[in-house]
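Listed below, chain by chain, are the residues.
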Amino acid sequence: MKSYTLISNGYYGKFGGAYIPELLFNNVDELQKSYKKIIASAEFQKKFKGLLKDYVGRPTPLYYSEALSEKYKARIFMKREDLNHTGAHKINNALGQALLAKMMGKQKIVAETGAGQHGVATATACTLLGLSCVVFMGETDIARQAPNVARMKMLGATVIPSLSGTKTLKDATNDAIRYWINHAADTHYIIGSVVGPHPYPDMVTRFQSIISKEIKIQLRKQTGESEPDYVIACVGGGSNAAGAFYHFLNSKKTKLVGAEAAGKGVHTHETAATLTIGSVGIIHGAKTYLMQNGDGQITEPYSISAGLDYPGIGPLHAFLHESKQATYLAITDLEALAAARELIHLDGIIPALESAHAFAVLPKMKFRPTDIVVINLSGRGDKDMEAYLKFIL
Amino acid sequence: MKSYTLISNGYYGKFGGAYIPELLFNNVDELQKSYKKIIASAEFQKKFKGLLKDYVGRPTPLYYSEALSEKYKARIFMKREDLNHTGAHKINNALGQALLAKMMGKQKIVAETGAGQHGVATATACTLLGLSCVVFMGETDIARQAPNVARMKMLGATVIPSLSGTKTLKDATNDAIRYWINHAADTHYIIGSVVGPHPYPDMVTRFQSIISKEIKIQLRKQTGESEPDYVIACVGGGSNAAGAFYHFLNSKKTKLVGAEAAGKGVHTHETAATLTIGSVGIIHGAKTYLMQNGDGQITEPYSISAGLDYPGIGPLHAFLHESKQATYLAITDLEALAAARELIHLDGIIPALESAHAFAVLPKMKFRPTDIVVINLSGRGDKDMEAYLKFIL
Amino acid sequence: MKTLQEAILRNRHNNLSVFFTAGFPQAGSTTEILGILNDSAVDFIEVGIPFSDPLADGPVIQRSGTQALRNGMSLELLFTQLGEVRNTLTKPYLLMGYLNSLLAFGIEAFYRKCSESGIHHIIIPDLPVNEFLKEHKAFADHYEVSPVFLVTPDTSAKRIHEIDKISKAFIYLVSGNTTTGNQSSIQTEAIRKITGMKLKNPVIIGFGIKDREDYLQACSLADGAIIGSAFIAMIAESKNLQKDIPGFISQIKGS
Amino acid sequence: MKTLQEAILRNRHNNLSVFFTAGFPQAGSTTEILGILNDSAVDFIEVGIPFSDPLADGPVIQRSGTQALRNGMSLELLFTQLGEVRNTLTKPYLLMGYLNSLLAFGIEAFYRKCSESGIHHIIIPDLPVNEFLKEHKAFADHYEVSPVFLVTPDTSAKRIHEIDKISKAFIYLVSGNTTTGNQSSIQTEAIRKITGMKLKNPVIIGFGIKDREDYLQACSLADGAIIGSAFIAMIAESKNLQKDIPGFISQIKGS
Ligand SMILES: Cc1ncc(COP(=O)(O)O)c(C=O)c1O
Ligand SMILES: Cc1ncc(COP(=O)(O)O)c(C=O)c1O
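Residue numbers (the numbering used here), protein chains in the order written: chain A, 1 to 393; chain B, 394 to 786; chain C, 787 to 1041; chain D, 1042 to 1296.
All clues given are correct.
Some chain B residues near chain A, calculated using beta-carbon distances under 8 Å:
{"#": "1", "residue": "Y457"}
{"#": "2", "residue": "T520"}
{"#": "3", "residue": "P540"}
{"#": "4", "residue": "A543"}
{"#": "5", "residue": "R544"}
{"#": "6", "residue": "M547"}
{"#": "7", "residue": "L548"}
{"#": "8", "residue": "G549"}
{"#": "9", "residue": "I737"}
{"#": "10", "residue": "M778"}
Taking lysine-lysine pairs in the DSSO-like style, the calculated list, with each CA pair at most 30 Å apart, reads:
{"#": "11", "chain 1": "A", "residue 1": "K14", "chain 2": "D", "residue 2": "K1175"}
{"#": "12", "chain 1": "D", "residue 1": "K1175", "chain 2": "A", "residue 2": "K33"}
{"#": "13", "chain 1": "C", "residue 1": "K979", "chain 2": "B", "residue 2": "K426"}
{"#": "14", "chain 1": "B", "residue 1": "K614", "chain 2": "A", "residue 2": "K213"}
{"#": "15", "chain 1": "A", "residue 1": "K53", "chain 2": "B", "residue 2": "K440"}
{"#": "16", "chain 1": "A", "residue 1": "K73", "chain 2": "B", "residue 2": "K499"}
{"#": "17", "chain 1": "D", "residue 1": "K1199", "chain 2": "A", "residue 2": "K14"}
{"#": "18", "chain 1": "B", "residue 1": "K466", "chain 2": "A", "residue 2": "K106"}
Chain A side only, calculated, beta carbon under 7 Å to chain D, not exhaustive:
{"#": "19", "residue": "Y19"}
{"#": "20", "residue": "P21"}
{"#": "21", "residue": "L23"}
{"#": "22", "residue": "N174"}
{"#": "23", "residue": "I181"}
{"#": "24", "residue": "A184"}
{"#": "25", "residue": "G281"}
{"#": "26", "residue": "I282"}
{"#": "27", "residue": "I298"}
Just so you know, these hints were derived from the structure itself, not from any lab.
C-beta: ideal position from N, C-alpha, C; glycine also.
Let's have the full structure, built from the sequences with the hints guiding it.
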């Protein structure tokens, strides 16, 4: 049985929790105690809804693709998170948390970023709300997502390169947490996905759940049905997927499909398909699936897409996976690129490399012609032009 | 007395007309005769409105900026055309014309582009509607707007460099018109602004008028008033300004302000401030103000912003200028950059360099605290990061 | 003002005209080339006013115009040059240019100067018939200058008849829908329809005529042809205009 | 299991512990360093289990862990190494590591191996008290291994009392809110409040203690101090551990 708020006591089944050093206890404890109340407050809701509408540009459209529908013999819609201000779903969460931080009296924000989308979204929210902002980003990602680095800097954020590990998202997250430990008193950590210690996975899911809330309403208007047959989303940490799944979690009808990054293939060592090749452990303060060796060392993930290049996954997804309430497919770099090419050429939409993984699910499915399929187009591909130019042009 | 449809017989007062070689007579004549009927048809309207909503992401928000309002002591709103699919207002027109071309039975599209926004918008619309697409772009602009060139190519458009003159928008327009002459039978020319022979200025204005239509509705909802005291927009050819002004053209209350590009200063030779230093003549098939020497040779414009780097201006604006129904200010590169910096740092919005010119009008005005000011944020600045990095970071 | 029309009609199916850009390759080339052409087998001459943005022209003519402007060529200078040689020229010559040059010069001044320079016909490709009638005709008539209009194989019969009515020299039939100098083939069928319309004006074919073969084909269909880009390309290459121009003309005319 | 607590209490305000990463700078360094420390003036020893993602650690300890992993260090190997030397060691030694290493090893297996290796206390910075009680305590008790918990100057009194109740060795007081090796100053006032709480366990200060001065200040406030990053930095530089380690310890202890 699916149920909206799968979380109880900070756990989704056996996944989740808050495995944090004592140094963060007060911060996380304060957050756990206050986040629901603040988020539910009239003041927060009014401000947040206003900004989502007039600043972010919500609701984002639910676009029916004639071309994809014809090709895949189903009724295929996409949720246009790419049209959000700053170009991805990340702003939903960044703005929510920045507002929350402000109401909690924090003046400083620290964040990690992979593709740079969360970093840009956080820097943007901080600028708007007058908070100072530090963003950690792996050195590898800084190199492959240069436009977003420039955007963050221009928005006044301090971008600090993470130099350990593969120098990607995991390492940036480590460094952001360390920074938080060292600046716990006045700083809030805006994590970019449904990962990290409780209450982050639940809080971020709530901020992103606007995606499925809108899908439901829009779908009813456009088709008469409010529940699709499928919702498909890419999964890095899993925030856009969590948001797209949320209001369908206890639907009997809707099948939920996540697309994780297989990189060069799940049987190579260059992959980020956590659920496919990972096992249970602790990463960034939560119990969940992660990629690790026999000794519990977290292994270095690989994906062409910086936003999916993460060796863990949100505990909600670990739970949905284990309880078979959602299906997770591993999509290779090449499959994602082919899907991006198809979307570009059929619909004139250049997706983020991350989102392209969700579209790559289409050729792997067998739909009935009446099936309503909603794909979450989590972000736009401007940041990925270099990769696309290499492979698509 | 202002009146919505200022145009009569293809002229705005003495401006406009269709000064075209006979080789284009049939195409332009066909367009003149059919555009209003097709645009008004239920089939067109249904398809166009649907795409604007679900594909482009309209309505775009009308965002109230607390920070700018406080700084400039007025109630300052911005119309978020930057949130449109492909990142600028250009898609409103490109999609409208592509749809029109398709209903007219054309299979091929030619377009010119300056900043690349119109080229990307056109390539996008063509991809979506299954039309083939050729885009001319000055070699100088190809160099300074590389990301958009990549986008067009990825969308399957053929991008042809224009090598004459300053190798910018004017030259690309010449070449697009030549191409049209050479492929008149099956090709529609999607011009990117309210310039060119009649019916282009009127047609493009109609497609862009959705901007002021939405402003009116949104403003009433947000303030109780449906007419602002000021509407401010940048003017290259003048399409975003035409769209933002349109539904206020016969308002007694609303003052219309256009911002043209002064480049390095109207008294230098490096400027694109057509109304300030130009005179009446013919450019690209229309009678309007243009920058020319005493011998009627069109002079080479300069602006840091590729989309404003044009030596002409739409005949509607020439008319509004001469009849004093609108005011046009010349904004230098440096003023635009300062305005961009301010918007980025106050509101977390990175504007297109073109749009930044509109924001640079603010410090030049004297508002009353109750004044409602709407600035048209015509596009996002992703394409201008290189310029910004040089000047703003 | 009848001379040109009469001359063409007298010479049915065998008129050759060339177009060149004033001030190219040097500012002074205008008069030199006019002189040489006048002594060649060419039937009449079109002098192009160089313009920064020649919409209807292909690359060869564009480039010649750009070079002419760099050479300091201007309409003012062109009229001075024409004034210098008008008494030495025996072949008809007309001006071709874009409307903006004319507007900048002043409409009335332009027609007056034409008249003073021995110009009886002008070709302004971006001047629509209606606009001519409204804004120009009075001056044109007064100074006895008349326009030549372009038509294409796709121009409607009605429109061609209108143009025929107000034209006093010839009708400029564009070989296909193309800018100047383009290699598109001559649309024989469509052209025959036009030449079969019993027009009072002779029909001269232009745009894309490049060699004797094209010329003969044009002459078989109409009253003659105009060569522009190919002539200018030759000039651009030539080291000896005195020799090359007559050679080019003879080669085309087969004389 | 009383030994460590008793030893610390006997030596009130004068306990020095050092932390080093197993397998650094070489895989075999673990036993060598343990041996040297055992013969030095240090009071007890913390052996760090290298981990790929040590959240609570600063750069010095991070880098030593990365190097140790490159050297092929593992928890399995560490237990083997400890097994080899346990009978030669007279000073108390405990393990410090992250929860994921322990989970991968297996919770019960871990505690059993600790016990077999002479480990009576462990420090797992990302293991919350509740989680310990729920998932670990049964095994820990069975194998007679007890946890040391971290507290900070900001930890509530209530929580400190809870931790004091279940702790059997000492309370690890983090000098300030900081990762290891950070140069933040010791929060004297806040620490006094904690040490004045009449806890049953001694309090040892760690994180950011780097020299004799820090050590003396820590001893003036609590029962002693732990040096990690500064010790590892010394090891990383040393060309003669046999000489440098005792020298470092004597210098700090002033003995
Ligand atoms: C556009 C886009 N989609 C998806 C992701 C993956 O994150 P998540 O799985 O949390 O949605 C990212 C991360 O940067 C992203 O930028
Ligand atoms: C964002 C943006 N604004 C404005 C313009 C100028 O065009 P117009 O004056 O037609 O709105 C352009 C042209 O490329 C543009 O990209």
